[in-house]
Amino acid sequence: MNKPLKDSFTSKKRGDALPPPPPSAICDALGVTQITIDWLAGDGSDRCYYRLFSPEIPSSLVLMQLSGQDAEALRENGYEWIQIGDILSQYQIFVPKTVRTMPDFAAIIIEDYGDIMMESVAQQALSEGSSDEVLELYRSSFYILKKFLKISGEPNAPWCKRKFDSERFQWELNFFRKEFLEPVAGIHLNHEDLKIFEEESMRLSDHISSSSDYFVHRDFHSRNIMVHDNTLAVIDFQDARYGPAAYDLVSLCFDSYVPLPNETRHFLLEEGIQILSDGDPALQDTLKKQWSATLLQRQIKAIGSFGYLSMKKNRGNYLKYVKPALNTLSSDLVYDERWPMLSASLLARIEQSIG
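The opening position of the sequence shown corresponds to residue 1 in our numbering, with each subsequent residue numbered one higher.
Don't read these hints as lab results, they were simulated from the structure.
As the structure is a prediction and not an experimental result, all values here were calculated from the model.
For every residue, glycine included, the Cβ atom is placed at its ideal position computed from N, Cα and C.
Treat each hint with caution, since some may be false.
Straight-line C-alpha distance at most 25 Å; calculated SDA-like pairs for lysine to any residue [what the hints assert, rightly or not]:
1) Lys-161 / Asp-46
2) Lys-178 / His-266
3) Lys-312 / Glu-136
4) Lys-288 / Arg-203
5) Lys-147 / Lys-195
6) Lys-323 / Asp-193
7) Lys-161 / Lys-301
8) Lys-147 / Glu-182
9) Lys-289 / Ser-210
10) Lys-289 / Lys-320
11) Lys-323 / Glu-179
12) Lys-289 / Phe-142
13) Lys-163 / Gly-153
14) Lys-150 / Pro-281
15) Lys-288 / Glu-182
16) Lys-320 / His-266
17) Lys-313 / Pro-19
18) Lys-195 / Tyr-335
19) Lys-301 / Gly-316
20) Lys-320 / Asn-262
21) Lys-313 / His-266
22) Lys-147 / Asp-239
23) Lys-288 / Glu-167
24) Lys-313 / Gln-170
25) Lys-312 / Arg-223
26) Lys-150 / Asp-46
27) Lys-320 / Trp-171
28) Lys-178 / Lys-313
29) Lys-178 / Lys-288
30) Lys-146 / Pro-158
31) Lys-97 / Ser-59
32) Lys-301 / Lys-97
33) Lys-146 / Gln-92
34) Lys-323 / Asn-262
35) Lys-301 / Arg-162
36) Lys-147 / Ala-233
Restraint ranges, calculated between C-beta atoms of paired labels, are given here [claimed, not checked]:
37) Tyr-257 / Ser-331: 39 to 45 Å
38) Pro-259 / Gly-78: 22 to 28 Å
39) Ser-131 / Ser-331: 24 to 30 Å
40) Met-341 / Ser-131: 32 to 38 Å
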């Protein structure tokens, strides 16, 4: 005789969080009669996450609630998170496996990799003065990046259908101007400065997009790497695309969430270049020539996102990460006479404006 259906839903969630499917539907999908649903705090995306518990399954699971185009793609059996996850698994990169799909409810049930992010592990190691542990953590991440660079292009792979081209990079730099520079820093460029901004944005974008030939996660930072059973696992990879070889490397080494001195970041960068190139002089040369300009564009874009998430999406105080991001853009790392406004004078104006 079946047990009576029992459900529980803990609803301590942000105001715009999408509700999960009815507990009865989740029970049906998993073949269980009891389920408990707890909301999980997410990051900056529009997806919502819930942790599922049942005495009838050996471990907790996570439900990913989709909306908009993602929901439509799932109904059409084409959600790219699933497809890209399968590709990463083929390259022995740990990602959460799909347990069930619920297209009628725009939801996916996946493995639960816990709550421990690389960010918290690195911060704990830093607080304990364990520099060796921090170095080992980043080295392990670099070996994931090495696998990224070996992923071959496939005509039907979702990430092969989009690219970090010059137009995309320029869009992101203008996004920064509209979502941070003007509304947050209060800096409105006059006609002449705006022209220089646009010209430098084009030159910078043309430069770093000229070798967008590699698999790029796009948001490879310490909050998108989970530490699960002493293994690093990758999440939030659905926006992967063709991009520069150095993109994910600078994204990780210079992310604003782990408070590392710039000399440590640069040391990690050099270590990463050695691991990623693995004796390939052409790739090593590409990484060394790319990283500084790629870092500049990536961090400017990140600052724009911090403004957007805080001011328009009301996703918490992301503005606190602006100064750490600016600190990674010191002149010895990013200054370039080909784009002096973007790499120096505009950064100085921002620092003066926000104090």
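* **Hint check against the structure, violated hint numbers in rising order** => 2, 3, 5, 8, 10, 15, 21, 26, 29, 32, 37, 38
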